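Take the sequences, apply the hints, and build the full model.
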Amino acid sequence: MNWFFWALLSAVFAGLTAVLAKVGVADVNSNLATAIRTTIILAITWLIAAFTMKTGALAAIAHRTWLFLALSAVATGLSWLCYFRALQLGEVSKVAPIDKLSVVIAIGISIVVLGEKLNVREGFGAGFIVVGALLLAWK
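Numbered continuously in my numbering, the sequence shown closes out at residue 889.
Fair warning: there could be bad hints in the mix.
Below 27 Å or equal to it, Euclidean Cα-Cα: the simulated BS3-like pairs (lysine-lysine) are [what the hints assert, rightly or not]:
# : residue 1 : residue 2
1 : 867       : 850
2 : 772       : 867
3 : 804       : 850
4 : 844       : 804
5 : 804       : 867
6 : 850       : 772
Rather than coming from a laboratory, the hints here were simulated on the basis of the structure. Only a predicted model underlies this, so the values are computations on that prediction, with no experimental measurement involved.
Here is the structure:
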């Protein structure tokens, strides 16, 4: 299975996440809801990793990898805290499209930091994402 299959599956689960989280944060502090969600994710991912990683894989991880995974974790945690608060305050149909502007932000950062190239077609696609998100979120 290729990257597209996994990306599509990720989108399906992310879509489910938004709706399930909206119901989940209705009667609880959004930060507590994020902590509960994160704890469950932590348990599930460690179980999956334990069954799929090779012996010694954890010890073989380079310091640079630890650093960037830690920074990614901080960014993810902050994103989730903000996302759950936004869901608590707004409608899923408005919050989710704005959250997906992360796609365009990731493209921009990848160009600046990683030196990735963006062709005209991809530029239009990113522009359409911005316009689409704003149209969906606009009242």
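Results of checking the hints against the structure:
no.: 1; hint: 867 <-> 850; result: holds (21 Å)
no.: 2; hint: 772 <-> 867; result: violated (36 Å)
no.: 3; hint: 804 <-> 850; result: violated (34 Å)
no.: 4; hint: 844 <-> 804; result: violated (42 Å)
no.: 5; hint: 804 <-> 867; result: violated (35 Å)
no.: 6; hint: 850 <-> 772; result: holds (16 Å)
In summary, the structure is inconsistent with hints 2, 3, 4, 5 from the numbered list given earlier, while agreeing with the others.
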